[in-house]
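*Asks:* The listed protein sequences correspond, in order, to chains A and B.
Per the numbering used here, the very first residue in the first sequence carries number 71; after that it's consecutive.
Per the numbering used here, the very first residue in the second sequence carries number 71; after that it's consecutive.
Keep in mind the hints are simulated off the structure, nothing from the lab.
Just so you know, nobody snuck in bad clues.
For chains that are exact copies, the list does not tell them apart, and a pair is met inside one copy or across any two.
Here are the simulated DSSO-like pairs of lysine-lysine, each with C-alpha atoms no more than 30 Å apart in a straight line: (1) K413 to K210; (2) K312 to K413; (3) K261 to K204; (4) K385 to K108; (5) K115 to K385; (6) K347 to K108; (7) K108 to K416; (8) K291 to K312; (9) K180 to K209; (10) K312 to K385; (11) K108 to K359; (12) K204 to K238.
2 protein chains.
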Amino acid sequence: MIYLDNAATTFPKPESVYQAVEYANRNLSFNAGRGSYKLAREATKLIDETKGKLLSLVDAPGSAKVVFTPSITIAINEILNGLSLVPGDNIYVSPYEHNAVARTVHLLCKKKNVQVIEIPLDRETLEIDVERLKYLFSKKIPACVCCTHVSNVTGYILPVEQIFRLAKQYSAVTVLDTAQSMGVVEVNAKKIGADFIAFAGHKTLYGPMGIGGFIDVNGIKLNGFIVGGTGSDSLNLEMPEKSPEKHESSSQNIVAIAGLRAALDEVHVKEFYEDEKRLTEYLIQELQKIDDVTLYLPPENVRVGMVSLNVEGYKAEDIGLILDEDYDIAVRTGYHCAPFVHKWLKDEDYAGTVRVSVGRFVRTEDIDSVVRAIGEIVGEI
Amino acid sequence: MIYLDNAATTFPKPESVYQAVEYANRNLSFNAGRGSYKLAREATKLIDETKGKLLSLVDAPGSAKVVFTPSITIAINEILNGLSLVPGDNIYVSPYEHNAVARTVHLLCKKKNVQVIEIPLDRETLEIDVERLKYLFSKKIPACVCCTHVSNVTGYILPVEQIFRLAKQYSAVTVLDTAQSMGVVEVNAKKIGADFIAFAGHKTLYGPMGIGGFIDVNGIKLNGFIVGGTGSDSLNLEMPEKSPEKHESSSQNIVAIAGLRAALDEVHVKEFYEDEKRLTEYLIQELQKIDDVTLYLPPENVRVGMVSLNVEGYKAEDIGLILDEDYDIAVRTGYHCAPFVHKWLKDEDYAGTVRVSVGRFVRTEDIDSVVRAIGEIVGEI
Numbered sequence: 071m072i073y074l075d076n077a078a079t080t081f082p083k084p085e086s087v088y089q090a091v092e093y094a095n096r097n098l099s100f101n102a103g104r105g106s107y108k109l110a111r112e113a114t115k116l117i118d119e120t121k122g123k124l125l126s127l128v129d130a131p132g133s134a135k136v137v138f139t140p141s142i143t144i145a146i147n148e149i150l151n152g153l154s155l156v157p158g159d160n161i162y163v164s165p166y167e168h169n170a171v172a173r174t175v176h177l178l179c180k181k182k183n184v185q186v187i188e189i190p191l192d193r194e195t196l197e198i199d200v201e202r203l204k205y206l207f208s209k210k211i212p213a214c215v216c217c218t219h220v221s222n223v224t225g226y227i228l229p230v231e232q233i234f235r236l237a238k239q240y241s242a243v244t245v246l247d248t249a250q251s252m253g254v255v256e257v258n259a260k261k262i263g264a265d266f267i268a269f270a271g272h273k274t275l276y277g278p279m280g281i282g283g284f285i286d287v288n289g290i291k292l293n294g295f296i297v298g299g300t301g302s303d304s305l306n307l308e309m310p311e312k313s314p315e316k317h318e319s320s321s322q323n324i325v326a327i328a329g330l331r332a333a334l335d336e337v338h339v340k341e342f343y344e345d346e347k348r349l350t351e352y353l354i355q356e357l358q359k360i361d362d363v364t365l366y367l368p369p370e371n372v373r374v375g376m377v378s379l380n381v382e383g384y385k386a387e388d389i390g391l392i393l394d395e396d397y398d399i400a401v402r403t404g405y406h407c408a409p410f411v412h413k414w415l416k417d418e419d420y421a422g423t424v425r426v427s428v429g430r431f432v433r434t435e436d437i438d439s440v441v442r443a444i445g446e447i448v449g450e451i
Numbered sequence: 071m072i073y074l075d076n077a078a079t080t081f082p083k084p085e086s087v088y089q090a091v092e093y094a095n096r097n098l099s100f101n102a103g104r105g106s107y108k109l110a111r112e113a114t115k116l117i118d119e120t121k122g123k124l125l126s127l128v129d130a131p132g133s134a135k136v137v138f139t140p141s142i143t144i145a146i147n148e149i150l151n152g153l154s155l156v157p158g159d160n161i162y163v164s165p166y167e168h169n170a171v172a173r174t175v176h177l178l179c180k181k182k183n184v185q186v187i188e189i190p191l192d193r194e195t196l197e198i199d200v201e202r203l204k205y206l207f208s209k210k211i212p213a214c215v216c217c218t219h220v221s222n223v224t225g226y227i228l229p230v231e232q233i234f235r236l237a238k239q240y241s242a243v244t245v246l247d248t249a250q251s252m253g254v255v256e257v258n259a260k261k262i263g264a265d266f267i268a269f270a271g272h273k274t275l276y277g278p279m280g281i282g283g284f285i286d287v288n289g290i291k292l293n294g295f296i297v298g299g300t301g302s303d304s305l306n307l308e309m310p311e312k313s314p315e316k317h318e319s320s321s322q323n324i325v326a327i328a329g330l331r332a333a334l335d336e337v338h339v340k341e342f343y344e345d346e347k348r349l350t351e352y353l354i355q356e357l358q359k360i361d362d363v364t365l366y367l368p369p370e371n372v373r374v375g376m377v378s379l380n381v382e383g384y385k386a387e388d389i390g391l392i393l394d395e396d397y398d399i400a401v402r403t404g405y406h407c408a409p410f411v412h413k414w415l416k417d418e419d420y421a422g423t424v425r426v427s428v429g430r431f432v433r434t435e436d437i438d439s440v441v442r443a444i445g446e447i448v449g450e451i
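My request is simple: use the sequences and hints to build the entire structure.
*Replies:* See the structure below:
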């Protein structure tokens, strides 16, 4: 199989990640931080070390805390539902959001009577229109701005630093979704201006399934959302007051955390960015040679990791099926859990896009294979 | 190490569980149900099979659905927060609840202005006082009754069938927490009268960390709580309407599910119950021979899996430390994330209890070792 669905889950993982998961599953599957015995303490140490590596990766300020959750979706639910919003508050989201954000803010609207406003795009380039956003903020003051770092549909790298800098002029709470960036695109907590940086272990960080979370950069108070046992202060019906304890109920998934720790040891952001950028541009360059292929491309300087495309005369899904069955190539097709962006891409006739996403272990030959396959499919029309 | 903390996480797991996790981590870590390629479909098949095994285990009616969540805590949050409650509604919980339930209903009280009522106990035996409960229900009609099956502090097996039968006379929604029972104590969905049966993968089922969920027995509508991408109907900002899709946002942890599937193949409830019962009674019998040890015992016919105790003159935590450091025996000490029961046990002077919990791989010699160790500690006073 040629695997080009790395934006869903990166595959394969570094060998050390597999070994760490296997080791922890057999030898360290205990309830960390809640027992007084050696292996429970060892599990706690592993968690603390992993958090330390994440804080280093994003160059976090000393007061920042890492909260582990079982997925980035849960992290985003925990953050957005934890905000102290009042009816009429404006939550800004980009049109590139995943349903982890889009459905969460939609539900918040109904529960708390807040407004969701989409950050405006330039109609031509589909880049964030910073000037119009500036104007919009002045008219409808933002209480919260939640933004993905890299689009999981087009690979567009959003100007989140600019967006959050504007948001902070209104003291809005800023939330960054790094599912498609952390580990490949630089995420610097001191520069980027996000109060909360949500991350997924199993995507660009190359960790295993089952671990995600967020970095609480500035200690902004979040109300409790998911609650449960913390192994601490058990007689208190309130969760502990602060991050990370407040947001880490139930047994920590020490097996997945062990895998993430190993994964973090293998991360070299600059090198990986250059590799993925080279592969992405090569993919684009080769696809552009094929007639009847529509590419949904952000400008060259702000794209990485994946390409969305369609082939004239085919639904996106059909291309996925042919690539799987006739070529053993794995891509993803459809709307990619991103509800807003398709009205900009105007891909409804194809029922979404075919997304080819590269990764650390993708070779130039793999790109050649998928391009050749698409060329053949087009040739058969 | 002699491991007697099985009520926190069972250890070890069957060899097949370790192998299944290792295999799935290396070969099947894909986003199930969201791709059109072979391995994504294989992941989907694995999930469906695992759900089928769970439904068989509890002899569920044909319409029942399994919802996977990353933990039982999240399952309980999803259920209780999803109920259509109105201010003034009464939620009954037992005094044996874990903070996964206790803190969740406490937060619900504040958010929805509902009342939490503790199910009454018999002062002598600390069993559920069914007669008084009957009276209480008639005075304060239950909207929801949420109950653990087996206490994670004393191993008391609650008469949940009776409790839920009474609750159903008022059409209350019934929720069962089987964290300490499924796989060891019979859970029969057709008999037990629960609308929702929450389960933990990593405890009495002997699966890995990172997987839990609930069985939606009767299709009672739950509102959305945690939301996100489902890989289906992506343009819709609402979650799909029904279980399981409505409650399964974000990538499924296929690695943990593969481990759970293997674990389910090894479950033999009747045999395991008898083994654990024998070990528990032997532990009690031997501990009763030691002076200065207080045992917190439910009646003999309704206890299994663990024993809570204290040693005169020691805090619970100190006993845990001595057992770890001097004897390499792992037990758990303190309040065990169960906030209500300690006022009944009257263990505050000891700051909780020392909990010795048995499991599938505990041998009679292990019981002898912990009893001998406690005897020696007492002898040193």
